[in-house]
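Given only the sequences and the hints, what does the whole structure look like? Please build it.
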Amino acid sequence: MVNIKTAVPNASQYGAKLGYTTYEAEQSELKNGVVKNASSSEAERATAREASGQAYVDLPTNASVSFIAQADANAVTIRYTVPDGESGKVEVKVNNTVIGTLDLSSKSNWQYLDNYTYHPNDDIKVHDTPAADRLARFQFDEVSQLFKEANIKVGDKVTITNIDSTPVGIDLVDLEKAPDAIRQPENSVSITDFGAVANDGSDDYQAFIAAIESAKASKKSVYIPEGQFDFSRPISLYVPDGIKITGAGQWHTKLHFLNTEAAKYDDKGYASGGGGITFEPGSKDIDLGNLSMDSNLNSRHDEKANYKGISGTLGTGSSIHDIKIEHFEAGVWIGDYSKNKPLNYTDGLTISNATIRNNFADGVNFAQGTSNSTVINSNIRGNGDDGLATWSSHHENTNAHVAENNHFLNNTVELGWRAAGIGIFGGKGHEVANNLIKDNANWGGVRLNTVFKNSHNFDFNDTGISVHDNLLVNNGTNADTYGRVKGSIDLEEGRDYATPEKDILGELNNIKIENNTIVNNLSDQEITKTRNPKEGNIPEPVNETTLTIENNHSLSVAENTSAKNVAEIDDHSLTQAANHLGADNIITITDSSHALVSGGDGNDRIRGGLGNDTINGDSGNDIIFGYDGNDRLNGGMGNDSIHGGNGNDTLWGESGNDRLNGGDGNDVLFGGQGTDYLVGGKGADTYVFSLGEGKDTITDNVGEHNALQFGQNISVNDLHIDAITDVRGNIDWKITVKGSEGDSITINDQFVSGNTNNAVIDTFRFDEGTLSLQELMGRLSGNDNISNLSDVNTHTDRMSYSSVDTVDVHDDTASTANAGII
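Counting from 472, one number per residue, gives the positions in the sequence shown under this note's numbering.
Check each hint, because a few of them may be wrong.
[Stated by the list, open to error] EDC-like cross-link-like pairs, simulated, lysine to aspartate or glutamate; straight-line CA separation at most 16 angstroms:
| id | residue 1 | residue 2 |
| --- | --- | --- |
| 1 | Lys812 | Glu774 |
| 2 | Lys924 | Asp594 |
| 3 | Lys691 | Glu657 |
| 4 | Lys648 | Asp543 |
| 5 | Lys810 | Glu751 |
| 6 | Lys1153 | Asp1099 |
| 7 | Lys619 | Asp543 |
| 8 | Lys755 | Glu657 |
| 9 | Lys564 | Glu500 |
| 10 | Lys690 | Asp758 |
Calculated from the structure, these hints are not laboratory results.
Put into C-alpha cells, the structure is as follows:
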C-alpha cells in the first residue's frame, strides 16, 4: 500500500539539490501587498491554484515583498504573473540599494483550455485567446537576471517592488550564487571564430553550423562563450562520431530562437518557423551543457508547434547537463520519427542538473523506444503537459521498440498547469524514486495511464515498474481537464475518444507503488483508479506492495515482482540466504538501529535507516543509500552507486565502475577495481587506493583535511604526479604509480585558483609513515618550493614532477569527475 501521512518526514531526502534558495512571497514581509489564495475571489483562486502552495502576493504600484537572504547570491529568478497582453516592471533592492530592474512580460504564457462543462464529450483543446467556454492556464512565467556587480550576503534584506502601473503577482523568488563563467577549453573551437557575435541581435545560425562541422573534422569540441546568440531557424545536427558542445554556464551563455511560428517543412525539407536543437538519426556520444536555451514561441499552435528545445535521437553514451530550457513546445523530447528502417534509438542518455521550465507541453519525454535513460537532480517547473514522462510509443507505422528501464530520480517536479508531475505511459522496467512532486493542482503528482493510441502500453512489462520513496505535496484535483477527480497518484485505463465502443487501449500491469508519502492531497481521493472517460474504477486487484524493514530486522526478497516470499532471518544466516537471491530488489530500512542487509544477485536499490547499518549490494548494478548513522556500505560486483548520507560512513565500491558519495561526516571511501568516481562531501574524508585498482577520480572540498591512503607496497618514491591547470585556473593532480602504469588517481581541483597553500587532499599516508602536503612536495623532484607550482602552471598549463628515482609518466589528458548527485 501507499503510506498516507499528514506531516512531511525527512523532506530533505527528496528532490533535486541545485544551487538556489527559494523564498515564498506569501511568507515574506509585505508592504501594501495582498495574499491571494483559496479564500480569494473565483478568478484569483484559479490563479492561486497555479502558484506554489496555492498562494501568491498581488502587488499594486509601489507595493513590495521583502525577505532575508539565507545564502549568498548574485542571481535572481522571479516567478510572476501579469495580465494577458500586458507587461510590468519590478525593482530589486538589497538593503535599500537598488541593484537593478526586471521587465515582466506576458508574451510567452497565458493559454486557455476548453471548459469541460461546455465540452463534456470532447477532447479538450488549447487556445491562445480567452472565451466564455474556456479556462485560463499557464498564468505564471519567470524572469531571471545575473547581477555581476551585486553581492547579496547572508542576512541581507532583499526587496522586490512593483514600479509599474500594471499589477503584478509574485509567487516566489529564487536566489542563487552563479559560478564564474567557464573559459574556452583546450582543443575546442569557438562559434565566434566563425563569425558569431554575442548580443548583436543578428542570426548566428551559419556560424554555429560552421563551428560544428569544423569540430567534427578536427575532433575538437565546440565552445559557446558568454552572451546571447540568436537563431532564425532550428539547428539540425548529425554527429555520428560524437561531439561535446559547452557554453560558459547557464547564467552566462544563452541560445535564443527568434521564431514565434510553428516549424514548417515541404518536399525540400525545412521551410520556415520553429527552433531548438534536433539530433538526427545516427548521432551518438553527445555531451551538451553549461548553457541556457529559450525562444519566442508564444503558442502551442493547436498542438502542432514542432518546436522542441532538444529532440531527435542521441544514440548511446550521451549526456545533457547543467542546462536551462524554457519557452519551447517541449523541453526535451527524445525519439526517432523519421521513416528510417530500422529506426534509431537513444540508449543510456543522462539528463542531470537541468532546469526545465515554462514550456507549453512536456518538460522531458522519453518516447519511441528510448531506454536505459535517466533524469536526475533536475528541477522541472511550470510545464504544460507532464513534467517528466516516458511513453512507449510506436508512432504511426514505425513499429518502435518498447521503452524500458528509464529512471526519474531525485528530481523536483512542480507547478504543472495541465497534466501530471510524472507520467508513465507503458513500457517496462521503469523507476520513479526519491522525487519531490509538488503543486500539480490541475492533475495528479504521478500518473500511470494507458490513454494514448499508438502505444505498447504495459503489455510487455515483464520486469515490473516501480514508483517508490517519493514525496508528493499539494497534488490532485476534484476537476481535472475533463472534470474528473484525480488523486496525488492516478491510475487510469483509457479508451480512444473516436471509438469509445471498443475495448480499453490497455491494462495496467506489473506495477509496484510503495513507500510514497502524500501530504495535503487536494482532491477527495489520494489514489484514483479510473477508466476513461467516466466508467468507474479499475477492477481490483491493483498490485501495490510495500517492502519495509523495521527496527533491527534483516530482509531477503526472493521474488520482487510479486513480493510474496518475504523472510525475516537473523544476522548469522543472512549472507547464506542472500546468495540465493536473483531478483532486482527494492529494500527500505526504517527506524533501524543496526540492520544487516544483502541484496544478492540482481540490480538492487537499498536504503538504510536511522541507525548504523551494514548493507551489501552483492552482484549486479546496485544503488545503495546509507541515510543516517555510521554505515558500512559495500557495492560488491557490478557498476554500483553508493551514497553514505549523514554520519561517518565506510564505502566500498569493490569491482566494477562505481560512484561513491560519502555525504556529510568523516567518511572512508574504497573505490576498488575499475574506473571509480569518489566524492567525499562534507567532513574530513579518507580515500584508500591500492595497486591494481584502476582509475579513481576524487572530488571534494578544499580545506577539510582530507587524506589519501596508499595500500601496501606503494612508497613515496613510486609516485609520479602530473599537475594540470584547467580553464578556471584550478589545478588538478593526476597520480600514477611506478610498476602499475594502468592505474591512476585524479584529484579534481587539488588547488583552487592556483592557491597551493590549501588543498583538497592535504594528508598522504604510506606504510612508511604519514606526510603532510608540504612534506610530500618536498620529497618530489619537480621543485622543493611549492609556491612555484602555480607560477609554472599559469604559464604552461601543466607540470610533471616525481621522486628522483621515478620514471616520468606523461599523459596529456586530465580526467574529470561528475561531481553532481549520482
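Hints, verified against the model:
1. Lys812 x Glu774: violated (27 angstroms)
2. Lys924 x Asp594: holds (14 angstroms)
3. Lys691 x Glu657: Within the cut-off at roughly 9 angstroms; holds.
4. Lys648 x Asp543: holds (6 angstroms)
5. Lys810 x Glu751: Since the Cα atoms of Lys810 and Glu751 sit roughly 12 angstroms apart, the hinted pair holds (cutoff 16 angstroms).
6. Lys1153 x Asp1099: holds (14 angstroms)
7. Lys619 x Asp543: Roughly 13 angstroms between the alpha carbons, so the hint for Lys619 and Asp543 holds.
8. Lys755 x Glu657: violated (22 angstroms)
9. Lys564 x Glu500: Given pair Lys564, Glu500 holds - Cα atoms ~14 angstroms apart, limit 16 angstroms.
10. Lys690 x Asp758: holds (14 angstroms)
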